[in-house]
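Q: Based on the hints, put chain B in the right spot on chain A.
2 protein chains.
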Amino acid sequence: MKELLERIQTEGVVIGDSILKVDSFLNHQIEPSFILKIGREIADRFSGERITKVLTIEASGIAVAMAVGLALGVKVVFAKKGHASTQTGDIYTAPVYSFTRQEEVNIFVSSKFLTPHDAVLIVDDFLAHGQALKALVDIVRQAGSVLVGAGIVIEKQFQGGRESLQESRIRIESLATIKSMREGKIEFA
Amino acid sequence: MKELLERIQTEGVVIGDSILKVDSFLNHQIEPSFILKIGREIADRFSGERITKVLTIEASGIAVAMAVGLALGVKVVFAKKGHASTQTGDIYTAPVYSFTRQEEVNIFVSSKFLTPHDAVLIVDDFLAHGQALKALVDIVRQAGSVLVGAGIVIEKQFQGGRESLQESRIRIESLATIKSMREGKIEFA
Chain A
34 MKELLERIQT
44 EGVVIGDSIL
54 KVDSFLNHQI
64 EPSFILKIGR
74 EIADRFSGER
84 ITKVLTIEAS
94 GIAVAMAVGL
104 ALGVKVVFAK
114 KGHASTQTGD
124 IYTAPVYSFT
134 RQEEVNIFVS
144 SKFLTPHDAV
154 LIVDDFLAHG
164 QALKALVDIV
174 RQAGSVLVGA
184 GIVIEKQFQG
194 GRESLQESRI
204 RIESLATIKS
214 MREGKIEFA
Chain B
34 MKELLERIQT
44 EGVVIGDSIL
54 KVDSFLNHQI
64 EPSFILKIGR
74 EIADRFSGER
84 ITKVLTIEAS
94 GIAVAMAVGL
104 ALGVKVVFAK
114 KGHASTQTGD
124 IYTAPVYSFT
134 RQEEVNIFVS
144 SKFLTPHDAV
154 LIVDDFLAHG
164 QALKALVDIV
174 RQAGSVLVGA
184 GIVIEKQFQG
194 GRESLQESRI
204 RIESLATIKS
214 MREGKIEFA
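Top line first, the protein sequences correspond to chains A and B.
Residue numbering for the first sequence follows our numbering, beginning at 34 and increasing consecutively.
Residue numbering for the second sequence follows our numbering, beginning at 34 and increasing consecutively.
Chain A on its own, in the form it takes in the complex (with noise of 0.2 Å):
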């Protein structure tokens, strides 16, 4: 997606050699109509499958779910972090550990939202590490849905979140993949 590469090659920050910024589109500040091109492209990707819900994780990758459910006419899932008081009934839930904040988080999704019935896209931000995707592959699994695939605005290839989900055979599309950041310098592979 060119419009996308090029936004993260002149307002992408790299942070030392692992960290991209990109809060004046995606993560921070958000230009609506830009990340609803973002939805329909990634709903491109996954056209021709049967698509009930779209799951993503709670913040950043809500505003690009909800693109993504917009051009599929599906609703959208968000797991919640923590466990909030107001959290009643049966939840499937999993440990997402956070390298960015150096902490392990819980995620969940009450088990009314996601069913056997469901055939789940799942959406995020980024894809770095992987580890927030497992979370919501597992969540996937737990609530016995089929499980489509995941739609990723970027990748960071370098982290090895795809490898690390190889066993899991989830066919995982990115908008934008980063080869490296070496030097501050953005390399889509």
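Warning: the hint list may mix true and false statements.
Chain copies aren't distinguished; within one or between two, either way the pair holds.
[Said to hold, decoys possible] Cross-link-like lysine to aspartate or glutamate pairs, in silico, EDC-like; alpha carbons within 20 Å at most:
#: 1; residue 1: K145; residue 2: E220
#: 2; residue 1: K167; residue 2: D50
#: 3; residue 1: K108; residue 2: E39
#: 4; residue 1: K70; residue 2: E44
#: 5; residue 1: K167; residue 2: E216
#: 6; residue 1: K70; residue 2: E206
#: 7; residue 1: K212; residue 2: E91
#: 8; residue 1: K54; residue 2: E200
#: 9; residue 1: K114; residue 2: E137
#: 10; residue 1: K114; residue 2: E91
#: 11; residue 1: K114; residue 2: E216
#: 12; residue 1: K167; residue 2: E39
#: 13; residue 1: K54; residue 2: E196
#: 14; residue 1: K70; residue 2: E216
#: 15; residue 1: K54; residue 2: D123
#: 16; residue 1: K54; residue 2: E91
#: 17; residue 1: K145; residue 2: E44
#: 18; residue 1: K114; residue 2: E136
#: 19; residue 1: K35; residue 2: D171
#: 20; residue 1: K114; residue 2: E39
Rather than coming from a laboratory, the hints here were simulated on the basis of the structure.
A: Relative to the frame of chain A, chain B by itself:
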């Protein structure tokens, strides 16, 4: 907004006298096309106003804020919780006490995304005690932006958020206003 009131009445789950769960369409699962309608309605309430940016707080506010941003054709900024290690540069920050989670968290917005040239509409899913809204108002003031008002999906009037914000003279538009939830019965104002 009739459809919203109906869904709150049929799908909302009241816990105790003050917690309302609308997980099936607003806070955990969303129906993107319905969220678009909510966004359009909030945008309509402020038609005629010059708005350059929508401001919300992660996580549940993001979907609705994106819908408002789409309707208005402006960018959306979401205040982030905590202080990620990727955050650099100047920020505006304010504390928010969550009665639901019984903890205080700091929220922050990068100074790059709110400036004195901006006219800001705050958007959030709930107005209860007004803690989150107060913090967002504080951040708009710190940025020196013009505060146009706040568009809220569900206001729980009996928790006094609107009164607690009276001195800020902010215009608040709520699509659904709940007067009482005593004995599990939702009464609209």
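Q: Give the relationship of K108 and E39 under a CA distance limit of 20 Å: within one copy only, between copies only, both, or neither.
A: between (30 Å within a copy, 19 Å between copies)
Q: Using 20 Å as the alpha carbon limit, work out where K54 and E200 are close: within a copy, between copies, both or neither.
A: neither (29 Å within a copy, 37 Å between copies)
Q: Give the relationship of K167 and E216 under a CA distance limit of 20 Å: within one copy only, between copies only, both, or neither.
A: neither (29 Å within a copy, 42 Å between copies)
Q: At 20 Å max between alpha carbons, let me know whether K114 reaches E39 within a copy, between copies, both or neither.
A: Neither: 32 Å inside a chain and 29 Å across chains, both beyond 20 Å.
Q: Please work out whether the CA atoms of K114 and E137 approach to 20 Å or closer within one copy, between two copies, in both situations, or in neither?
A: Both: 10 Å inside a copy, 16 Å across copies.
Q: Regarding K145 and E220, is the shortest C-alpha distance of 20 Å or less found within a copy, between copies, in both, or in neither?
A: neither (42 Å within a copy, 26 Å between copies)
Q: Is the C-alpha distance from K167 to D50 at most 20 Å within one copy, between copies, in both cases, or in neither?
A: neither (23 Å within a copy, 38 Å between copies)
Q: Is it within, between, both or neither when you check K35 against D171 at 20 Å Cα-Cα?
A: Answer is neither: 32 Å inside a copy and 38 Å across each miss the 20 Å cutoff.
Q: Checking an output row: K114 and E216, CA cutoff 20 Å. Within, between, both or neither?
A: neither (33 Å within a copy, 30 Å between copies)
Q: When no copy is named, should K114 and E136 be tagged within, between, both, or neither for a Cα gap of at most 20 Å?
A: both (12 Å within a copy, 15 Å between copies)
Q: Tell me, please, which holds for K70 and E44 at an alpha-carbon limit of 20 Å: within, between, both or neither?
A: Classified as within; 18 Å inside a copy, 31 Å across copies.
Q: How would you classify K212 and E91 at a CA-CA limit of 20 Å: within, between, both, or neither?
A: neither (26 Å within a copy, 30 Å between copies)
Checked against the numbered hints given earlier, this structure breaks hints 1, 2, 5, 7, 8, 11, 12, 13, 14, 19, 20; the rest are met.
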